[in-house]
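K.L.:
Next come the chains, spelled out residue by residue.
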Amino acid sequence: MYSRAYQRLVAIPPLLWISAFLLVPYISLFCISFWQVHSQQIVHQWTLHNYGQLVGNPVYLEVLGRSARIAASVTALSLLLGIPLAYCIALRAGRARNLLYQLVIIPLWVSYLVRAYAWKTILGGNGVLNTLLIHFGVLHEPATFLLYSPFAVILTLTHIYTPFVFLPAYASMAHIPKALIEASKDLGASPARSFWTVVFPLSLPGIVAGATFAFVLSLGDFISPLLIGGPNGIMISNIVVSLFGAAYDWPLGSAISLCILILVVGLIAFTESLEKRLRLGGGR
Amino acid sequence: MSEPLLTIAGVNKSFGSTKVLQDVSLTIANGEFLTILGESGSGKTTLLRIIAGFEQADGGTLTMQGASLSERPANRRHINTVFQNYALFPHLTVFENIAYGLRAKRVPPSEIKTRVDAALAQMRMAEMAARRPSQLSGGQQQRVALARALVNRPALLLLDEPLSALDASLRVHMQSELKALQRDTGITFVFVTHDQEEAITLSDRIAILRHGRLEQLDTPRDLYNRPRTAYVATFIGKANLLPNGMAVRPENVQVFAPGSVTPPKDSQSWTGTVKRIVFAGASDLIEVECSEGVTLNARVPSGGSYPPTVQLIVAREHLIPVA
Amino acid sequence: MRSKISWVHAHSLLVFAFLYLPILVLIVYSFNGESVAGFPPHGWTLRWYHELFADDALWSSVENSLLVAAAAVALALLFGVPAALALDRASFPGKQIFRRLVLLPLILPGIITGLSLLTLFAAANTRLSLLTVAIGHGTALISVAVTELTAGLQKFERVLEEASRDLGASEWYTFRRVTLPSLKLPIIAAALLIFTLSLDEIAVSFFLVGRDNTLPLEIWSRLRRGITPEINAVSTLIFAFSVVTIVLWFKLRAAED
Numbered sequence: 000m001y002s003r004a005y006q007r008l009v010a011i012p013p014l015l016w017i018s019a020f021l022l023v024p025y026i027s028l029f030c031i032s033f034w035q036v037h038s039q040q041i042v043h044q045w046t047l048h049n050y051g052q053l054v055g056n057p058v059y060l061e062v063l064g065r066s067a068r069i070a071a072s073v074t075a076l077s078l079l080l081g082i083p084l085a086y087c088i089a090l091r092a093g094r095a096r097n098l099l100y101q102l103v104i105i106p107l108w109v110s111y112l113v114r115a116y117a118w119k120t121i122l123g124g125n126g127v128l129n130t131l132l133i134h135f136g137v138l139h140e141p142a143t144f145l146l147y148s149p150f151a152v153i154l155t156l157t158h159i160y161t162p163f164v165f166l167p168a169y170a171s172m173a174h175i176p177k178a179l180i181e182a183s184k185d186l187g188a189s190p191a192r193s194f195w196t197v198v199f200p201l202s203l204p205g206i207v208a209g210a211t212f213a214f215v216l217s218l219g220d221f222i223s224p225l226l227i228g229g230p231n232g233i234m235i236s237n238i239v240v241s242l243f244g245a246a247y248d249w250p251l252g253s254a255i256s257l258c259i260l261i262l263v264v265g266l267i268a269f270t271e272s273l274e275k276r277l278r279l280g281g282g283r
Numbered sequence: 000m001s002e003p004l005l006t007i008a009g010v011n012k013s014f015g016s017t018k019v020l021q022d023v024s025l026t027i028a029n030g031e032f033l034t035i036l037g038e039s040g041s042g043k044t045t046l047l048r049i050i051a052g053f054e055q056a057d058g059g060t061l062t063m064q065g066a067s068l069s070e071r072p073a074n075r076r077h078i079n080t081v082f083q084n085y086a087l088f089p090h091l092t093v094f095e096n097i098a099y100g101l102r103a104k105r106v107p108p109s110e111i112k113t114r115v116d117a118a119l120a121q122m123r124m125a126e127m128a129a130r131r132p133s134q135l136s137g138g139q140q141q142r143v144a145l146a147r148a149l150v151n152r153p154a155l156l157l158l159d160e161p162l163s164a165l166d167a168s169l170r171v172h173m174q175s176e177l178k179a180l181q182r183d184t185g186i187t188f189v190f191v192t193h194d195q196e197e198a199i200t201l202s203d204r205i206a207i208l209r210h211g212r213l214e215q216l217d218t219p220r221d222l223y224n225r226p227r228t229a230y231v232a233t234f235i236g237k238a239n240l241l242p243n244g245m246a247v248r249p250e251n252v253q254v255f256a257p258g259s260v261t262p263p264k265d266s267q268s269w270t271g272t273v274k275r276i277v278f279a280g281a282s283d284l285i286e287v288e289c290s291e292g293v294t295l296n297a298r299v300p301s302g303g304s305y306p307p308t309v310q311l312i313v314a315r316e317h318l319i320p321v322a
Numbered sequence: 000m001r002s003k004i005s006w007v008h009a010h011s012l013l014v015f016a017f018l019y020l021p022i023l024v025l026i027v028y029s030f031n032g033e034s035v036a037g038f039p040p041h042g043w044t045l046r047w048y049h050e051l052f053a054d055d056a057l058w059s060s061v062e063n064s065l066l067v068a069a070a071a072v073a074l075a076l077l078f079g080v081p082a083a084l085a086l087d088r089a090s091f092p093g094k095q096i097f098r099r100l101v102l103l104p105l106i107l108p109g110i111i112t113g114l115s116l117l118t119l120f121a122a123a124n125t126r127l128s129l130l131t132v133a134i135g136h137g138t139a140l141i142s143v144a145v146t147e148l149t150a151g152l153q154k155f156e157r158v159l160e161e162a163s164r165d166l167g168a169s170e171w172y173t174f175r176r177v178t179l180p181s182l183k184l185p186i187i188a189a190a191l192l193i194f195t196l197s198l199d200e201i202a203v204s205f206f207l208v209g210r211d212n213t214l215p216l217e218i219w220s221r222l223r224r225g226i227t228p229e230i231n232a233v234s235t236l237i238f239a240f241s242v243v244t245i246v247l248w249f250k251l252r253a254a255e256d
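Chains as they are written, first to last, in numbering that gives the first Met the number 0: chain A, 0 to 283; chain B, 0 to 322; chain C, 0 to 256.
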């Protein structure tokens, strides 16, 4: 229906820009990851040295493992918080539904940095949490693990990503035809049973999407660890940041970045095929 | 017939592996009201879209007033369309909707005003000029869609089931309006519908499409009295299909008490039992199960009473050979 | 049916409390009389807001952020609108790869987007500046523009374009007078979202910034040096701004339906 000229006119400019500023940078990252640094200079010698370092160095592996654990914890907690919230607002909130939905979205729009900083205030030695816990006799002195620890990172990132898990889960649930849930009730199912046998399976594609989002972005986060992670909260992206900064080893940093990139792409491909299979089973 | 306005010759169209139109040929005369009639899946909408220029035929030719139409894009044919759901521009007023085609062709503003006002007056929509489509009723939207197309003075107007979205009484009203409009403007109308009553009421000629093929092209009267195939016979009006390859219209089946009349020469006759009498207003339809395993319907004036067994006679001239 | 309040509702209430606790803390502390973030806050003062408004370096970074955000919106829409149209109606080799590439920055950690562009700029010997930051934001946020516009295009009825062509309009005329007007709301919604995301962006900016800081990076560098109570004040202001923006965005979305 659209002429060749029309199609070309809309397709070519974005293609060019995306190639130049998205594709070429990835390719550049790819190339650098195979080069090396000799006396403060990047030498264009092709080698697998950097990848060897990644696999061989126990420090990197440990940080990667910790990052994965933190990301998994964040995802799990976000799901725990976000899914019942989505269920409550989508299906048990009546007319308050739209307003409550907007209330969940608002924190998303507040600056990430601002929220991380707020947690710093709350979790500090003199902060809200410690003071309350001491006041109620739960603790005798401030708990130091609250701040500058993996715990702080997990807490902050959960706060950030719960709304991100909520969004697709809510969208899926809101799209479930009311008739299905009514049929379930009509056939005698309790609310809990209706949830596990009807709502949950049909919203699984949305849940999987949200979980992937939370996991990937937590894994790649470097701001929270720097702000409140402390020495034990260092994550893989922090290593990359220092390699591109003071530690000056762009090739190694690129190698790690490329691995993260491939991991993300692989994860997306996997969850997409998972979603497809889930959708075919049920849902729209 | 004088020089035809549009000649469609050997048109084929497939979507993927589905053959939607097969070797369709017909000519459209200047100033006629032609209906393309068919069930869903018959290819009628596709044919219309090919004429309008929204689809390209895979094979065959389209010629209008001697010139080939196929290479001309949709916006350069002197053909306008009234779409099924009107496709009025929601962000423009009624006036601007009607003026759209004129503005696109850079008609001078003063002339636009004159012509659009005239079109509005013709459709009795003058007070609606500043309204938006969402503020109009279905019937009003339809008239705007008509005005929008006709104001461009097309050589050919295509109407894609324009009345199907209206409810019954409005439909009948709009049918007569459309017929009058076509007569007054003299513009050739090509009308697509699946409703055979509508087709019979409105058309000078009807082209019946079935599974992508042209089944028959004739005036309504000829289609009714001389259907060429069993499909046409049963599609237009009711028909009894006889095992010997003939068809007969129910009103031509005469009902008598058994043995009371001798069948004339060359007529066909049966005896059978009356299964049902269906009231149909001015007439009754009698369903008779005959001894040869044939069931016939006879149309009789309403209110008569009949014995359980009857004799049916059909005169020779009412037997129609159908393929 | 019995009482409708159940553990699900209680759970949701707790989650809301969790989500809003830090924000409330911020707002309260921005008026805190004491400069140290102890609990409970003492006194009530507008001092931090006063100091904030006198802080030239901070306002200069706000100005930078606004410039970058505006440039990012322009860039993202300039390429995002055609990209969405191309994905909706053009066919070309590599279309699916293109789609994935465009949408990748949505889920890819910002560090990767930032670093990859850094290597490009380094190879091209380009000095880092607000321009490089704007290019980074704009390119990454094409994904948001495409997402919003694709949703809008799906609601759009193609038959309107056919009607326009039927009435004699060229493709360009049709685009101008029928297609684009129908995309007005999605474009504005996208612009709003892109603007807000760019203002808050930190990961990509981190690697592409030159001499001039954006607001998040300015806040970041101060946080690294130590807690300054002004930060609470500026955070509260950012929160207020965000709320206004999101209410606007919701109204736009509602108007689209």
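What the hints contain is simulated information worked out from the structure, not anything from laboratory work. These figures come from a predicted structure and were not determined experimentally. Fair warning: there could be bad hints in the mix.
Restraint-style ranges between C-beta atoms, simulated for each label pair [claimed, not checked]:
1) Pro107(B) <-> Ala170(A): 47 to 53 Å
2) Pro180(C) <-> Glu126(B): 23 to 29 Å
3) Gly225(C) <-> Gly244(A): 19 to 25 Å
4) Arg278(A) <-> Arg105(B): 45 to 51 Å
5) Leu236(C) <-> Asn231(A): 29 to 35 Å
So the derived list for chain B, only partly shown, Cβ under 7 Å to chain C, looks like this [what the hints assert, rightly or not]:
6) Ala73
7) Asn74
8) Thr80
9) Tyr99
10) Ala103
11) Lys104
Beta carbons: idealized from backbone N, C-alpha and C, even for Gly.
K.L.:
Are the hints correct? Go through all of them and say.
P.N.:
So, going through the hints one by one against the coordinates:
1. Pro107(B) <-> Ala170(A): 47 to 53 Å: Since Pro107(B) and Ala170(A) have Cβ atoms about 51 Å apart, the given range 47 to 53 Å holds.
2. Pro180(C) <-> Glu126(B): 23 to 29 Å: holds, 25 Å
3. Gly225(C) <-> Gly244(A): 19 to 25 Å: holds, 21 Å
4. Arg278(A) <-> Arg105(B): 45 to 51 Å: Between Arg278(A) and Arg105(B), where Cβ atoms are some 50 Å apart, the hint holds.
5. Leu236(C) <-> Asn231(A): 29 to 35 Å: Because 34 Å falls inside the window, the suggested range holds.
6. Ala73: holds, 5 Å
7. Asn74: Where the cut-off is 7 Å and the nearest Cβ of chain C is about 5 Å from Asn74(B), the hint holds.
8. Thr80: holds, 5 Å
9. Tyr99: holds, 5 Å
10. Ala103: With a minimum Cβ separation of about 4 Å from chain C (threshold 7 Å), the hint on Ala103(B) holds.
11. Lys104: OK, holds: Lys104(B) within 7 Å of chain C, min 5 Å.
Consistency note: the structure conflicts with none of the earlier hints.
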